[in-house]
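Trainee: Spelled out from the first residue to the last, the chains are:
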Amino acid sequence: MQKHRPPGNLSRRALLSAAAAAGAGLAGVRSGLAGEAAKPDPLITEVQDWQRYLGDGVDKRPYGSPSKFEKHVIRRDVSWLTASAESSVNFTPLHELDGIITPSGLCFERHHGGVAEIDPAKHRLMINGLVDKPLVFTMDDIKRMPRTSRIHFLECAANSGMEWRGAQLNGCQFTHGMVHNVMYTGVPLKVLLEEAGLRPNAMWLMLEGGDASGMNRSLPLEKGLNDVLLAFAMNGEALRPEQGYPLRAVIPGWEGNLWVKWLRRIEVGDQPWQTREETSKYTDLLADGRSRKHTFVMDAKSVVTNPSPQAPLKYRGRNVLSGFAWSGRGTVTRVDVSLDGGRNWRTARIDGPVLDKSMTRFYLDFDWGGEELMVQSRAMDSTGYVQPAKSELRKVRGVNSIYHNNGIQTWLVRGNGESENVELG
Amino acid sequence: MSSWVRLMAAGAFAGLCANGLALAAPAEKPQQAAGVAAKTSKLGLGRPALPEEIAAWDTDIRPDGRGLPVGRGTVKQGDEIFQERCAACHGEFGQGAGRWPALAGGQGTLKADRPDKTIGSFWPDLSTVYDYIKRAMPYGNARSLTDDETYAVVAFLLSLNDIVKDDNFELSDRNFNSIRMPNASAFFEDDRETSEKKFWTKDPCMANCRDVPRITGRAISIDVTPDGKSGPKVD
Chain A
1 MQKHRPPGNL SRRALLSAAA AAGAGLAGVR SGLAGEAAKP DPLITEVQDW QRYLGDGVDK
61 RPYGSPSKFE KHVIRRDVSW LTASAESSVN FTPLHELDGI ITPSGLCFER HHGGVAEIDP
121 AKHRLMINGL VDKPLVFTMD DIKRMPRTSR IHFLECAANS GMEWRGAQLN GCQFTHGMVH
181 NVMYTGVPLK VLLEEAGLRP NAMWLMLEGG DASGMNRSLP LEKGLNDVLL AFAMNGEALR
241 PEQGYPLRAV IPGWEGNLWV KWLRRIEVGD QPWQTREETS KYTDLLADGR SRKHTFVMDA
301 KSVVTNPSPQ APLKYRGRNV LSGFAWSGRG TVTRVDVSLD GGRNWRTARI DGPVLDKSMT
361 RFYLDFDWGG EELMVQSRAM DSTGYVQPAK SELRKVRGVN SIYHNNGIQT WLVRGNGESE
421 NVELG
Chain B
1 MSSWVRLMAA GAFAGLCANG LALAAPAEKP QQAAGVAAKT SKLGLGRPAL PEEIAAWDTD
61 IRPDGRGLPV GRGTVKQGDE IFQERCAACH GEFGQGAGRW PALAGGQGTL KADRPDKTIG
121 SFWPDLSTVY DYIKRAMPYG NARSLTDDET YAVVAFLLSL NDIVKDDNFE LSDRNFNSIR
181 MPNASAFFED DRETSEKKFW TKDPCMANCR DVPRITGRAI SIDVTPDGKS GPKVD
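Which chain is which? The protein sequence lines are A and B, in order. FYI, the numbering used here numbers position 243 of the first sequence as 243, with every residue one higher than the one before it. FYI, the numbering used here numbers position 151 of the second sequence as 151, with every residue one higher than the one before it.
If you are wondering where the hints come from, they were derived from the structure by calculation, not from laboratory data. Virtual Cβ for every residue (Gly too), placed ideally from N, Cα, C. There could be a bad hint or two in this list.
[As the list claims (entries may be wrong)] Heads up, incomplete: computed chain A residues facing chain B, CB under 10 Å, no partners named:
| id | residue |
| --- | --- |
| 1 | R76 |
| 2 | K122 |
| 3 | V191 |
| 4 | T347 |
| 5 | R349 |
| 6 | I350 |
| 7 | G352 |
| 8 | P353 |
| 9 | M374 |
Chain B with its partners taken away, still in its complex shape:
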């Protein structure tokens, strides 16, 4: 059989299959059958999202508390969950283990030579803590904490950061918005186009622009660069 004949035969076979499928599965409606979408939108593509689907994915929490589920958890409950599920990476007291992030401490260090940016010292909004833990933690087993467990872990983190002092404190959707984060007021909108205006206004110098340069630092003396052999093995 020439390759042309084979191609023709394959085409005919594919056509048969397609017909067969169309006959066998008449229940599969074409997209434009979703009448309302076709009328109100431009392309008529996509289908309405069901409330259950939105509820499954829309877990985000905003700083004003919008999105918080009904629930509660205490510092003590959070301590137990944290030691079991979180402390291996973040340390018993949220101090961090190895290169895993510290979650507590560091308050008052943001102007220091080596700032220690933690939930207590840096994060402006408590909603972020809930949102992030609920969606991404524990690392490697995301979305495994219940709403109440998440409230409890957040309560424990507030305690580790001395933002709440009472071990019996219970965090819930009702009192969530009453918590103020210590560094909340220290963020401001990008102002580069005004505060760095001089980077726009100069006519760049082309000749005799500076004194003879002096070398003040060398990467080689720090010696932290991986060498050429450190890449993964490539076969």
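Looking at chain A on its own, in the form it has when it is part of the complex:
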């Protein structure tokens, strides 16, 4: 049987050396023209094993998993980024996804004290502070409340944070993979707050996790009453442990750090708490030495996921360019794509659901003649915001703000179909 080796499984270095060995130019690229088969294809003319012998019966995989040929489609980390795996991050393989939903097992992880494994029967949610009646809820209580399902993106504010000074990581999984898009089911936070009864001077909430980091963040009450959910399900099933099982906050359009996982307590107050995560982290240091705080909203952003360094072009002729766009302020209204480094643009085709504060899929069907490309995408949202160039962002923010880098990404696609992360001047 022919050994199947998906190209994504090759290291970039291996691809490079293979291309070098075969000489310059179009070594890795097939012409892609139809009608070239000189001999009949044995995959068609010979009976294959899977066509003759019975496959596995039902219940072989009581909880299904992807095909064995998709083993390379996994979250990956950048080990040098952090001191320990328990307080670290890994990245969603955006270039292997399609449509708008991120499968639960591929949603990037960010923990501050490892994954808490909590028996839902032992989980408690407390609401205290400026309320008429401090309350404790069990998961059963929460599941007896009116619930709703919504699709939203979660982006870490530090997504693309390594790229402020220039092109650094070679792959959209690493440059843009701290984002995912999930259908959440849960109870509007407003329902629980009204159950406890808000005092007139209530202005802020503090959300606190039940993990070993006790993650806590302040959230304006107005947002909490507007569209925040306390979710117990993602993509139709219980939250995954690494996504906060049994209960997490969903703060649509706002930075991922606010979406406290393993949520155990909400305190109501009249001012922000200035926790570690909203002062020493998740504040944006500008060139003049001052720092923006409470930069909650995620600006409109997009990235071409195919082609990208982990997803080379394999054929000349017809190709599908694809990517994601999203905005924390509303819906994505338009995505433009440039193949020449931002000199000329054409509007991409948006496909599938276009939802509020959700990732949106775009495509550009194009013919490639093997010429060098500088691929970029530019998102626009329902407030009229236009995704800026990296140079425009740096003018306002300098290069030390770490967070909220939504600048336009460039992939250089060479004649051999490989691409790399480059910075343009």
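Position chain B against the provided structure of chain A, taking the given hints into account.
Mentor: Chain B in isolation, oriented as in the chain A frame:
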């Protein structure tokens, strides 16, 4: 037995069990029996939080000192605790070890090419130091420091950052609010919608938008990207 019969039998058995449980455990009251909650709230779900429960979880400290427990600790006491419980990661002088964070130094570097953001150089509020240590440190053994030990470690961190100069200094709930953090005034509210207004106002250019681009940097030359084999083993 057909599968239907088996299902029926299982259902009857489950019904019996449920009845048996209900009889055996009459003490378990239904939620609506918590009369007051049912009267004042909309759903009648949840139960009142007891003062002991709130005290166990509500350890947060605000910048105005609200939430600080009664307690005290000196720089010297904090030094001892720090060397034993914290220095393995944060270094003897809070300079950091490996990729673990530095806690001291860096003052005056925020405009530099490589800012050194520490408690002394960056953190605006002392309350954050107490709150975070109390809830999350030492890493891997959270919530193991007493209130007095936490005051002592915070006092030592103030000393490492030259915010207090006296080794005999004692930090307590009484003098906590007198400490000013050096970078406290350098934070301001999100102003993107005004300072970055130009990102909203332009009509995006579609043709001949710029000169021929020139490549000024390449991720490949930095060579810090994990290769495709670096993922965890998947079986």
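Trainee: Hint by hint, note whether the structure agrees.
Mentor: Results of checking the hints against the structure:
1. R76: This interface hint holds because 5 Å falls under the 10 Å limit.
2. K122: Check failed: Cβ of K122 of chain A comes no nearer than 14 Å to chain B, outside 10 Å.
3. V191: Result: holds, 7 Å to nearest chain B Cβ.
4. T347: holds (8 Å)
5. R349: Check failed: Cβ of R349 of chain A comes no nearer than 16 Å to chain B, outside 10 Å.
6. I350: Where the cut-off is 10 Å and the nearest Cβ of chain B is about 16 Å from I350 of chain A, the hint is violated.
7. G352: violated (23 Å)
8. P353: violated (24 Å)
9. M374: Given a least distance of 6 Å, the restraint on M374 of chain A holds.
Violation of the numbered hints given earlier is confined to hints 2, 5, 6, 7, 8; the remaining hints are satisfied by the structure.
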